[in-house]
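Could you slot chains B, C, D, E and F onto chain A? The hints should help.
There are 6 protein chains.
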Amino acid sequence: MFRTPFISKNWMASDETPNNSEWIMIGVPFDGTCSFRPGTRFAPEQIRVASRGIETYSPYFNKDLDDISFYDAGELDLPFGNTQRVLDMVYDVTREVLVAGKKYFGIGGEHLVSYPAIKAYYEKYPDLYVVHFDAHTDLRDEYLGEALSHSTVIKKVADLIGFDNLSQVGIRSGESYEFELMKKHNTLVKSAEDFRDILSGIKGRPVFITLDLDVLDPSVLPGTGTPEVGGFSFSELMSYFKVLADSNIVGMDMLELSPFLDTSANSTVAAAKVAREMLCVASR
Amino acid sequence: MFRTPFISKNWMASDETPNNSEWIMIGVPFDGTCSFRPGTRFAPEQIRVASRGIETYSPYFNKDLDDISFYDAGELDLPFGNTQRVLDMVYDVTREVLVAGKKYFGIGGEHLVSYPAIKAYYEKYPDLYVVHFDAHTDLRDEYLGEALSHSTVIKKVADLIGFDNLSQVGIRSGESYEFELMKKHNTLVKSAEDFRDILSGIKGRPVFITLDLDVLDPSVLPGTGTPEVGGFSFSELMSYFKVLADSNIVGMDMLELSPFLDTSANSTVAAAKVAREMLCVASR
Amino acid sequence: MFRTPFISKNWMASDETPNNSEWIMIGVPFDGTCSFRPGTRFAPEQIRVASRGIETYSPYFNKDLDDISFYDAGELDLPFGNTQRVLDMVYDVTREVLVAGKKYFGIGGEHLVSYPAIKAYYEKYPDLYVVHFDAHTDLRDEYLGEALSHSTVIKKVADLIGFDNLSQVGIRSGESYEFELMKKHNTLVKSAEDFRDILSGIKGRPVFITLDLDVLDPSVLPGTGTPEVGGFSFSELMSYFKVLADSNIVGMDMLELSPFLDTSANSTVAAAKVAREMLCVASR
Amino acid sequence: MFRTPFISKNWMASDETPNNSEWIMIGVPFDGTCSFRPGTRFAPEQIRVASRGIETYSPYFNKDLDDISFYDAGELDLPFGNTQRVLDMVYDVTREVLVAGKKYFGIGGEHLVSYPAIKAYYEKYPDLYVVHFDAHTDLRDEYLGEALSHSTVIKKVADLIGFDNLSQVGIRSGESYEFELMKKHNTLVKSAEDFRDILSGIKGRPVFITLDLDVLDPSVLPGTGTPEVGGFSFSELMSYFKVLADSNIVGMDMLELSPFLDTSANSTVAAAKVAREMLCVASR
Amino acid sequence: MFRTPFISKNWMASDETPNNSEWIMIGVPFDGTCSFRPGTRFAPEQIRVASRGIETYSPYFNKDLDDISFYDAGELDLPFGNTQRVLDMVYDVTREVLVAGKKYFGIGGEHLVSYPAIKAYYEKYPDLYVVHFDAHTDLRDEYLGEALSHSTVIKKVADLIGFDNLSQVGIRSGESYEFELMKKHNTLVKSAEDFRDILSGIKGRPVFITLDLDVLDPSVLPGTGTPEVGGFSFSELMSYFKVLADSNIVGMDMLELSPFLDTSANSTVAAAKVAREMLCVASR
Amino acid sequence: MFRTPFISKNWMASDETPNNSEWIMIGVPFDGTCSFRPGTRFAPEQIRVASRGIETYSPYFNKDLDDISFYDAGELDLPFGNTQRVLDMVYDVTREVLVAGKKYFGIGGEHLVSYPAIKAYYEKYPDLYVVHFDAHTDLRDEYLGEALSHSTVIKKVADLIGFDNLSQVGIRSGESYEFELMKKHNTLVKSAEDFRDILSGIKGRPVFITLDLDVLDPSVLPGTGTPEVGGFSFSELMSYFKVLADSNIVGMDMLELSPFLDTSANSTVAAAKVAREMLCVASR
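Chains A, B, C, D, E and F supply the protein sequences, listed in that same order.
Under the working numbering, the residues of the first sequence are numbered 42 to 325, in order.
Under the working numbering, the residues of the second sequence are numbered 42 to 325, in order.
Under the working numbering, the residues of the third sequence are numbered 42 to 325, in order.
Under the working numbering, the residues of the fourth sequence are numbered 42 to 325, in order.
Under the working numbering, the residues of the fifth sequence are numbered 42 to 325, in order.
Under the working numbering, the residues of the sixth sequence are numbered 42 to 325, in order.
Chain A on its own, in the form it takes in the complex:
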């Protein structure tokens, strides 16, 4: 009907259809178990809006989003009041992505939604390895009376895939027994150099990256619900990403931006850049 050009409603540089895309970006606007300051449900659409203001080119990896094959499918239409059904839907859509021979890139939303996605991946890849970027251990058995929570999600993942197949990066907050659990299983990565050694040891295995944006310092990314001082600068995060560049990344998600706490909107712009770099590091 129109010859006048319109801006795409998709993420910047998204493919126009998913047909030939390597990665499918899926928004998961859920924050129902968030304990402190909720609001992450608004993240996927605001990150999309912010993506239109950043460069497509990554000087860190000398790659351009225009050359990367991904499709922004939009946000899931979730039954907000029902945590279990939300998780089921994330599981279903991840499976649909896998069945189509594509890779899932979830944009949260709260961290709990990583669990069903990783579960779907684990069923396809029994040798799956999970790399967990976060400020928090997320290793509780229950939280405020609930087993399904953004504070228990990595414990549930570890119970599923085994602590041996998990690395945790950037952790600096949790309960005493959670830190003991990390120590016991030696999941905490101490430096980018150690990270390189660990990844060498699992060379070729399929890797799922789950990245809670609060792994960045609150000065870099203030717009998150449970800010923890003492986090990574963006450059430090990039030093870990560079280690990941040779890995066989088969799935990933990025979580916990809270746009209403992002008064300058800079956190949302930063999140869009983290997503860009994740696509750069993970695309073939």
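Hints listed in this document are in silico derivations from the structure and should not be mistaken for laboratory results.
Errors might be hidden in some of the hints.
[Claimed, not checked] Restricting the straight-line Cα-Cα distance to at most 25 Å, the calculated cross-link-like pairs of lysine-lysine (DSS-like) are:
#	chain 1	residue 1	chain 2	residue 2
1	C	K50	A	K50
2	C	K224	D	K283
3	E	K104	A	K225
4	F	K283	E	K231
5	B	K231	C	K104
6	B	K104	D	K225
7	A	K283	F	K231
8	D	K104	C	K224
9	F	K283	E	K224
10	A	K283	F	K224
11	F	K104	E	K231
12	A	K224	E	K283
13	F	K224	A	K104
14	C	K104	B	K224
15	C	K283	B	K224
[Said to hold, decoys possible] One-sided excerpt, in silico: chain C residues whose CB lies under 8 Å from chain F:
#	residue
16	P120
17	N123
18	F301
Computed from a predicted structure; not experimentally measured.
We treat Cβ as the ideally placed atom computed from N, Cα and C, and that holds for glycine.
Relative to the frame of chain A, chains B, C, D, E and F by itself:
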């Protein structure tokens, strides 16, 4: 241990113990079913902090909080992830207040927590009349797949006490069928004059006031999750409060302030004043 | 590819295709001539996001967006640095809408973009009547050395269609000679009653509504670049809209929301509601 | 040195020198006794900055600042830590203005600084009448152990000039005994009509206007330290200003804007407009 | 009266009574001499509120607040307008703490309130050593005409205990002569290694820590009145705290958070964590 | 007329007249080509206001602004809607500064205004060397259809003076071909050490510094239109400034602060300090 004076940690002008108090103020920091922009769980403590900056004297009712008998009991320690147990606890504490021969003044939190309080009141007062101040009808049967929601709470109240025992003030948003329901049962109050007539008709009956702060216009109270233009000015609200002054108010609650959305903190100050006026209008 | 449901990327309740739609909603993200505090270019996408959080039902007109036929076409892809080409594109797309037998609903962006749309309408409807809601006269001949500016737009419209075919509502700021111009041509509407008389006099003629959101008081809509105290409450605006309900509205636009100045996001929500009411009042 | 034009560092439309000016605008950046939320010391410079973004023309009085004779002298250089010396300096500068045959227009800062200015005026005009616009009575004898406070200023004024020579407009907050004091001396103005009668009774007498900006509703002017719901809209304030237009205004001040609480900057813009209207109503 | 559980109104993990506590936390809500952007008076209560959202466990010291013996006594009820009486009260309450055989942990408010606390300590401990964390030297003789100011406090401390018994950490702003004073007395600590040497030299002596939160970089803690770029990251601060772990800390305070400047609330959360780490490093 | 002292309306420590000043500070309030989030036009006046709250002494260079000879001339009165005329005026005023034997220190506004200033300098100094601090390459040939843009400014400078006479510091964002251009011409400075080598090679040549404030990390300076994570800390910037201390700096400017995005005002304070350090490093 100290002779140096300290500021009370209670609400401004609160009694020091509940023993002789007419009203018991109880914070209910729950926002688990909040659909749009959560954050009301932080309201009770922030309203308490703000109370210390306002006058104790109400020029609207020529009363002073110093002469009013109320006790600030603090916030309930709620199992955040479990809606049903939260509601049970509100029910329990309301009963405890009633058993002690006192009156409940709940400070939310989200509107759903009114339901168990009103239920406890209804069991004591079978002729209970409920006055509902709100921007929203809250008359849905379910919301996003859940029957227990801040969008269904008044429907559940009406199912309990009967639509005949309900008046709704300030409503200006809802679905089509909710407005039809209000019309069918004639619950919507058109003006302060009509309100006077309605209250004359129930003279002497026990009244529970449930006040969603978004009944005020977002210009007056911007810090709320689902702002609805076209609401009351503070003076308009006071004109309804003046009508209430002769009623037999036996219980009340005030809900839905969202401090993180209150960038200037003026909404929190305004909420503290609404609470002050509610105590002035309701105390013997 | 997916059976799992996704949220539409369009405006709430938008038709899925434009084929059978009466109205075509088109974002015009331009603020290049904005004199004081720019930022309106972000409005169309943020109003779209906010639309997903409001009700579809209008209690003011007892209509539901679900029953209204409109299609959200998205934002134009504008050559930002070139004002004249931007205006040409708005003219082109408006003509494309008209040629398709549909009606244009522009979402700005700054007010200057109304001119090419009205020009396209005037070419189709030589008896076009324009109703201008605004805080500002917008009647300057030039502004800061430019004839094409959001402060000159209505003067250009009047030069095109004649002052006799223009009504201005809510004006309260401008230069002295602009107020004299309004007086001379008697374009300023004094009250909703006068407005009714004026519209009676043009019964049946095609009407274009151009609404600068700063017609609302800054307390109701703080997020705008040149806030002017003393504006309309939402109820006052609705009293004018009710007068419009019988008119033959053939085109319209809504302008000047500035999301970065909207710290609580309430202005964006209010703008989404004004758009909803415009659709309600204007749809067949 | 430069032929290239620069923007004046003065208030918009200020005379270039004070030599022939009727009014001298003087900033008084003091908030040392502010009890709740300080910050008014930043108001004079921010109002100056905001003045450059508003129109010079007042449609309320059909006057233009370009035709009004006033000079912006800048801010006093105050010894911040010493309240008494600050007050002495305000007294001195007011006398200097009066000795020069000019009129003082103070821009606060906190309300206490009105006292020394009014004292200097009272010494020149023993029949001085003071009109006090405010949300607060400011009639305390002492506040937090201090007699010199922004909560005691009008009591000190009344002790000086007599309660018979004082009118108070917009008051809605204070302690019980302060309201009794207003009642006893009948200083509270009930309506614009009453205000007209009062001013008729003092026709020709010299009038000093002291305007605390919190007389406006916090929705209109959120950026103030002790916001009080239930205040004037801008139009209501203008209805009082229109009554003042025939008075013999010899001095005035405007106080209590707090720019750091003005997150959208709209309050500062509104304050600049109130100052514009004060100049319009008071200039010969 | 209630069996339903309530949240404590005290700081997270505070003892329920002071009887057996090692540390007594006392809020000092005073900002009367603050020169630039006041507001620190609101810090103690907001840090208390924020404490409820953070973990009790410190991974930096592998300690848990649940195992630390401290009591949150609340805020002093200060005569705001009278600086000398405020200081007297802080002196009195510090002495009361010392007489009871306990340790004082002051939560400011502005830095001036450290002086009377240190004075009381010095009277008990003539060999007291003071460690001063700050962005500013605070070594002025007077500030804006006042000897009692948050800019003179450390000069007054040094005059009392002698410059030999003072170390200053993180200083990066002041007047020229203040830097010369630091140089002359060699009080400025250059690195964590130097700090270790200094503390070795005073092994066993009683230490008072006075920590102005602006020692942290404004990116880490934006909510402070006089932000100074170039400050410590949280990790750098922790490297100094680790040096302190073997010291005989007998008293401490933490100052200058300004909640109204903390738009994201992240500074308040960070301050609560600094307080947690101070308790971890200082408790037996 | 007044003996009472007033605060200067100029920048802190500015000379009272330009007659004997080495440096002339000139505000250039233009943001007409700004692509993403405009608002830098308000920077010069807000930085001036903020300058009054910082120290005059720089501990980094052990210099005091009171000893530095500079004059704050105020902001240019620009014809906002006409980019070419704006550039002409900046060119003219720079020439006027040079003709008077003084040095230009521009305060933007957007980066495009550096071009005419550098052009005027290049005409006087054919051996001019330009040091460019920025997050962005600014090396585009055109941007959104315009050759004159804040994204093309350094390309235009390089076309004028030659790439051999340009160093770029802190760059981390741009399009692929812009990075290739930097590589080809070897303009990107890798470290402060390399910077020292480069400056040694041009010893004695006249240097113009153009500093886009987004060279600092958004955590340090959030108030800028196109924030780019991964930038300099303030200390890193100072390490480059120290290298500059021996250079023959003949002109400079500082750009791209956006006060409306600076919600805590800390960015504006930081910008005032960067300007202070630039004056310290550049003054004789």
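Checked hints:
1. Only pairs whose Cα atoms come within 25 Å are accepted, and K50 (chain C) paired with K50 (chain A) is accepted, the gap being roughly 7 Å.
2. With a CA separation close to 21 Å, the supplied pair K224 (chain C) and K283 (chain D) stays within the 25 Å bound.
3. Distance hint between K104 (chain E) and K225 (chain A) is fulfilled; the C-alpha atoms sit about 18 Å from each other, no more than 25 Å.
4. For the given pair, K283 (chain F) sits about 19 Å from K231 (chain E) by alpha-carbon distance, which is consistent with the 25 Å threshold.
5. Taken as a hint, the K231 (chain B) and K104 (chain C) pair is honoured in the structure, with Cα atoms around 20 Å apart against an allowance of 25 Å.
6. For the proposed pair K104 (chain B) and K225 (chain D), the alpha carbon gap of about 18 Å is at most 25 Å, so the pair holds.
7. The straight-line distance between the Cα atoms of K283 (chain A) and K231 (chain F) is roughly 19 Å, inside the 25 Å bound, and the hint therefore holds.
8. In summary, the hint linking K104 (chain D) to K224 (chain C) is supported, as the alpha carbons are separated by about 16 Å, within the 25 Å threshold.
9. Taking the CA atoms of K283 (chain F) and K224 (chain E), the gap is near 21 Å; set against the 25 Å cutoff, the hint holds.
10. With a C-alpha separation of about 21 Å, the suggested pair K283 (chain A) and K224 (chain F) falls inside the 25 Å cut-off, and the hint holds.
11. The suggested pairing of K104 (chain F) with K231 (chain E) holds, with an alpha-carbon distance near 20 Å, which does not exceed 25 Å.
12. Taking the CA atoms of K224 (chain A) and K283 (chain E), the gap is near 21 Å; set against the 25 Å cutoff, the hint holds.
13. For the hint pairing K224 (chain F) with K104 (chain A), the CA-to-CA distance comes to about 16 Å; that is within 25 Å, so the pair holds.
14. For the proposed pair K104 (chain C) and K224 (chain B), the alpha carbon gap of about 16 Å is at most 25 Å, so the pair holds.
15. Only pairs whose Cα atoms come within 25 Å are accepted, and K283 (chain C) paired with K224 (chain B) is accepted, the gap being roughly 21 Å.
16. Contact between P120 (chain C) and chain F, as hinted, is supported at the beta carbon level, the nearest pair being about 4 Å apart and thus within 8 Å.
17. A least Cβ separation of about 5 Å between N123 (chain C) and chain F falls short of the 8 Å threshold, and the interface hint therefore holds.
18. Interface hint at F301 (chain C): satisfied, since its Cβ lies 6 Å from the closest Cβ of chain F, which is below the 8 Å cut-off.
Of the numbered hints listed earlier, not one is contradicted by the structure.
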